[in-house]
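*Asks:* Next come the chains, spelled out residue by residue.
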Amino acid sequence: MAHLGIGLFSLACVYPFLFVVVLSFTDEQSLAKNGYKIIPEQWSVDAYTYLFKTGDQLLRSYGVTLFITVVGTLLTLVIVSLYAYAISRSYFHFRGFFSFIAFFTMLFGGGLVPSYIVVTQVLHLKDTMWALILPMCVSAFSILIMRTFFKTMVPDAIIESGKIDGAGEFRVFLYLVLPISLPGLATIGLFAALGYWNDWFNALLYIDDARLLPLQSLLMKVETNIQFILQNAGVGGAVDRTDMVRTLPAETTRMAMVVLATVPIIFAYPFFQRYFVQGLTIGAVKE
Amino acid sequence: MRKSVLLVLTFIMLASIALAGCSSGSKDTKSSEGTKDSGTTDTQVTPEKKEDPVTLLWYTIGGPQKDQDKVLTEVNKYLQEKINVKLDMKVIDWGDYSQKMQVIAASGEPFDIAFTSSWAFNYVEGARKGYFLELDELLNQSGQGIKEVLNPAFLEGSKVNGHNYAIPTNKELPAQAVWRFNKNLVDKYKLDITQATTLESLAPMLKAVKEGEPDVYPIPSNIGMFLPFDFALEGIPVGVPMNTTDFKMVNIWESAEAKEVFKTMREYYQAGYLPPDVATKQGNDFEKTGKWLVDKQHTVPFADIQWTDSMKYPIVSTPMHEPLVFNWSVTGSMQAISSKTKYPKQAMEFLNLLNTDKHLRNLINNGIEGVHYKRLTEDTYEPIPDSGYSMPSFTLGNMFLLDKLKADPADKWEQYKKFNDSAKNAPLLGFQFDPTNVMTEIANVKNAVDEFGPSFNTGSVDPEKMLPKAIEKLKAQGIDKIIAEAQKQLDAWRASK
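For the protein sequence lines, the chains are A and B, in the order given. The opening position of the first sequence corresponds to residue 1 in my numbering, with each subsequent residue numbered one higher. The opening position of the second sequence corresponds to residue 1 in my numbering, with each subsequent residue numbered one higher.
These are calculated hints, taken from the structure and not from any lab test. In this text, a Cβ means the ideal position worked out from N, Cα and C, and glycines have one as well.
In silico EDC-like links for lysine to aspartate or glutamate, alpha-carbon gap of 16 Å or less:
no., chain 1, residue 1, chain 2, residue 2
1, A, Lys37, B, Asp285
2, B, Lys77, B, Asp357
3, A, Lys126, B, Glu109
Listed below are several chain A residues computed to face chain B (Cβ distance under 8 Å; list not exhaustive):
no., residue
4, Ala32
5, Val113
6, Ile117
7, Gln121
8, Leu204
9, Leu205
10, Asp208
11, Lys221
12, Thr224
13, Phe228
Calculated Cβ distances over 12 Å to all of chain B for the following chain A residues:
no., residue
14, Val22
15, Phe52
16, Ile180
17, Leu182
18, Pro270
Go ahead and model the full structure; you've got the sequences and the hints to work with.
*Replies:* Here it is, written out as structure tokens:
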């Protein structure tokens, strides 16, 4: 009985995505004629052939997304774990101060326009890859998770043993603390990777150059463009709308884009899952 | 203990996300006020003269083009020769444009020229916030060509507080709603579409088609019926009747005309002339399948030909009213100069050239001959498909300079001029409602309109029962306050004329 319930539930979760996959393999004409059908009248791979033929933008965006996800996640892990380790040590004098600095950013953000000014006019990151990486690479939430992790899961005795053997802070951190902190790192790594993979807003703000567009931002553009054109039908005279629509991909092509954009990140889940539950329950039980 | 700390932290974080959302909004307006002050002083900056060409940064709307750099190189060669200016053109997607430009303008990031309109990166709002340079004098100095080619109604109708802040695109000036018919069905059932003037007059045609083709919904979408009112603000049913003499703002949903339209729509909906889910339906799939008879569109000269061309089956149309010049039709596509620009003179010279120079205008629009299009005769061309360059022509500048497509009639632009000259002014032309004092009410009323509007416009609910409720809700959300405010501003505007 329970199996049936869970089975139905997972089906409900998988179904929408399955539907998108089916739609992406539907013939454009029969889609227009019959609407969305789970078993289409006419199968077709036109959408994919079209995408791979004309879609050098899509492949580029794939590259950009992969790059920022990998580099961004690594950078996040390095910065967050170093920061968190420092403020987790009870003998670090300014730990209260630095904890507060990180914590403060969770309470008060700068707001959209000030952030924009900092990124574009102080740091001059506009239209660079860094604009997609740096704004997201320190997460206060992850720092606090890691700090708790280091405090609870890494026994002081281990660190002391390293010190007795003559290891400095860095050596202790690299060779003793990090290897036993994998679950914590995997957790915040997954958060970070998902964040980078799914981020489109930074690209919307900071990227004008199509060569630097990440994948999700590309999808978002297609979607908002369609919404916009439908809502503003006939704004500048009716004929102009055909001008606008001309630049849009067909419905099945959009579905194919969704499939191509989602599939890779699905594979990230099982990879991280091993550590995930363990990581999330850190600090749930106290001794 | 630790668990509770984490829990508390999580809640705080969630709250902060919500708060951050609010705070960014308010900061937005604050910093934009800042730019207003500095904006006015910037006009006195004297531009550097000649020698090195200045580079103008130009933001405009459309799909980014693959071959843009190639075309820009050509454009720059030409521009350097003519007015010693170089161009850096950034094309931003339709859906992103408004948001992106709001942030760029509010943060004071430098740009020189930007596309603005009534429907993307709102022109009136931008002018009020001080993003744009006031152009009255510049127009006289370096924009004489523009003044000559533009129908004067464009510059007159796009004034904000009596000043021009952007150069309107020379295109169709008025708006004219038409009934657009699928000619295949019109011919099959021998319908006389010249009879179609009002919504009521469609009844026999709808009936004939529905009886003959039970699986066709003759009205395929939410057509948003034309009401004979000039709206003070888009999306809010407040305005004056088209034939007004006393200029009294009314609640349009309370008008007899609106009631009549909602009632007729209801009858049509119940007769099965509209799809059952029409109120929430989006998209234009019906255009592909051809299973429709009639909808409402705005027309321009030779629109039927273009519709026929894009749909691959014949389309005909009949007008619902005479061509009327509205605020939103005048400000449908414009180019503004940033109040922060260092080169106001060069920017105006460029816009002047763009609106008067045939070679430049066509180069920016169609790309390079032989690469992006083939020349057919002296003033006709044929685009090369998937060539990597194709701009939306109505967003850039004077359309009357453009070369024509093969299918276009030879007197295309003359007909446009005739169309423009035939237009009458809507009563509120030149009056720009300033919503600052009633922002909250407008947001609330808009929500209520979004809730009820589609249902009434498609006849999905019974107006007899629901309309009184809807009007009551509009009142509760403060529509009367908006009407009073609009009336006050309108009276002041009329007194000043």
